[in-house]
Amino acid sequence: MKLKEVVEVVQGTVLTRGSDLDLEVKYCGAMDLMSDALAYLPPGCMLLTGLKTIQTIRTAEMAYVTAILFVRGKMPDSETIQLAEELGIPLIRTNFGMFESCGRLYQGGMSSVPLTRRYP
Amino acid sequence: MEFTKKQELIYNLPIEHVMRKNVITVTPDTTIRQLKEILRINRISGVPVLDGGHLVGVASIEDLIKALEVGELDVPVGQRMTRQLITVLEHASIIEAVKKFSQFHIGRLLVVNEKGTLTGILTGSDITRGLLEAINLNDHAKELKRNPQIIFREDIVSDQTSLILRYHIKEKDFKSGGSASSKIKRAMEQLGISPQILRRVAICAYEAEMNLIIHTNAGGELIVEIEPELIRMTITDRGPGIPDVEQAMSPGFSTAPTWIQELGFGAGMGLANIKKCADSFTIQSNLGTGTQLDIVIQL
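Sequences listed follow chains A and B, in order. So the number in the numbering used here is just where the residue sits in the first sequence, counting from 1, plus 4. So the number in the numbering used here is just where the residue sits in the second sequence, counting from 1, plus 1166.
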């Protein structure tokens, strides 16, 4: 699914300037624990989260996450948005909750992260 | 005469790498009227004329104008085309093509293989584009190659050559959390280390960096040592130390206060994550003195 389709499906707004909305995301993972995100998210996916700190952006950077969708209308501060812009990670925000956001994306054809990743 | 790398590149660039392969052609039976439309629609100034697959001529915009002047719209192209065929071999250097362009004052060259079959068409702008691409690719390849050589030059002889990056991490400095790992990641990117390895290094570094920020009394140090065969990370602090290392390693065990968990960390997954990403991982910890993590990732 292209990011512009994601924006449409969750009736979202794009928070970062100059983001390429033609970027394709194959999978989504939804989590508020960044260590879980680091452990489970494969490169090239989109992270759905309600955590709007600078650590969310850092996590995406380290794990090669393509884009972040903030749910429940969470609004990161300008410093956080600026870091995402510098790193080229598009940020999208939706007023829907986590459950509805996931549901809409799933219905729209988005796949979930393959959960073959387990702790030893 | 000495050649620069770029001159050499030009001399070695074969025509087949820059020519256009999807050639629009006509047959001798095509009328001038049809030719006019073909040139207009495709925005081109000439087409090769093929008769049963054999190259027999070129029909250019000049031939078209001459025919239009005398009102020969329904005359077949075969009667008005230019029969002089100026061709180049596809394996020849683009220098050959440049020579022919200036010798014959023509806008396009027919590219053929050894059997004389048409394989492409070449204009001046194709050469310019091809050269720019080749120079770009060459510079990019050089850049990738050059960087590791700065560090691991073969003429530097030692028993062990490595590059060491050292970062001081401040305790409770959540705002900067991850900035050291970000710098490590960027440095490795410049060294041309593959994204798969890079991701594991970055995750280990980030979890360790966050641990120093969350748990230590006086910060700590993150040292990354890059050797030709492996990456070694050593993370040290001066306390408080881990009472039970085995317990700390088990997924889900955490001593972090709730407010840190609200920041998305402290869920007891950090060390387990490092273990998962590392090829070897050890912890030494003494209460009161501090903790040391040793992480190795093979390249």
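There's no promise every hint is true.
Stated by the list, open to error - One side of the interface only, derived from the structure: several residues of chain A facing chain B at Cβ under 8 angstroms:
id, residue
1, Asp-40
2, Pro-47
3, Cys-106
What the hints assert, rightly or not - Which residues of chain A face chain B? A partial, calculated answer using Cβ under 8 angstroms:
id, residue
4, Lys-8
5, Val-13
6, Gly-16
7, Asp-36
8, Met-38
9, Leu-42
10, Ile-58
11, Gln-59
12, Glu-65
13, Met-66
14, Ala-67
15, Thr-84
16, Ile-93
17, Phe-100
As the list claims (entries may be wrong) - Have a look at the derived ranges for each label pair, beta carbon to beta carbon:
id, chain 1, residue 1, chain 2, residue 2, range
18, A, Met-79, B, Lys-1336, 22 to 32 angstroms
19, A, Leu-91, B, Pro-1409, 46 to 56 angstroms
20, A, Lys-6, B, Thr-1253, 43 to 53 angstroms
21, A, Glu-28, B, Ser-1360, 16 to 26 angstroms
Don't read these hints as lab results, they were simulated from the structure. Glycine included, C-beta positions come from ideal geometry on N, C-alpha and C.
Structure-based check of each hint:
1. Asp-40: holds (6 angstroms)
2. Pro-47: Nearest chain B Cβ about 6 angstroms off; hint holds.
3. Cys-106: Result: violated, 18 angstroms to nearest chain B Cβ.
4. Lys-8: violated (25 angstroms)
5. Val-13: violated (25 angstroms)
6. Gly-16: Interface hint status for Gly-16 of chain A: violated (21 angstroms vs cutoff 8 angstroms).
7. Asp-36: holds (6 angstroms)
8. Met-38: Hint holds; Met-38 of chain A Cβ to chain B Cβ min 4 angstroms, cut 8 angstroms.
9. Leu-42: holds (5 angstroms)
10. Ile-58: Since chain B brings a Cβ to about 6 angstroms from Ile-58 of chain A, closer than 8 angstroms, the hint holds.
11. Gln-59: Hint on Gln-59 of chain A: holds, closest Cβ of chain B at ~5 angstroms, below 8 angstroms.
12. Glu-65: It holds, given that the least Cβ distance between Glu-65 of chain A and chain B is near 6 angstroms, below 8 angstroms.
13. Met-66: Hint holds; Met-66 of chain A Cβ to chain B Cβ min 4 angstroms, cut 8 angstroms.
14. Ala-67: holds (7 angstroms)
15. Thr-84: violated (10 angstroms)
16. Ile-93: Status violated, d = 12 angstroms.
17. Phe-100: violated (20 angstroms)
18. A:Met-79 - B:Lys-1336: 22 to 32 angstroms: Taking Cβ atoms as reference, Met-79 of chain A and Lys-1336 of chain B lie about 27 angstroms apart, which means the hint holds.
19. A:Leu-91 - B:Pro-1409: 46 to 56 angstroms: Given a distance of about 37 angstroms, which is not inside 46 to 56 angstroms, the answer is violated.
20. A:Lys-6 - B:Thr-1253: 43 to 53 angstroms: About 45 angstroms separates the Cβ atoms of Lys-6 of chain A and Thr-1253 of chain B, which means 43 to 53 angstroms holds.
21. A:Glu-28 - B:Ser-1360: 16 to 26 angstroms: Check passed, 22 angstroms falls within 16 to 26 angstroms.
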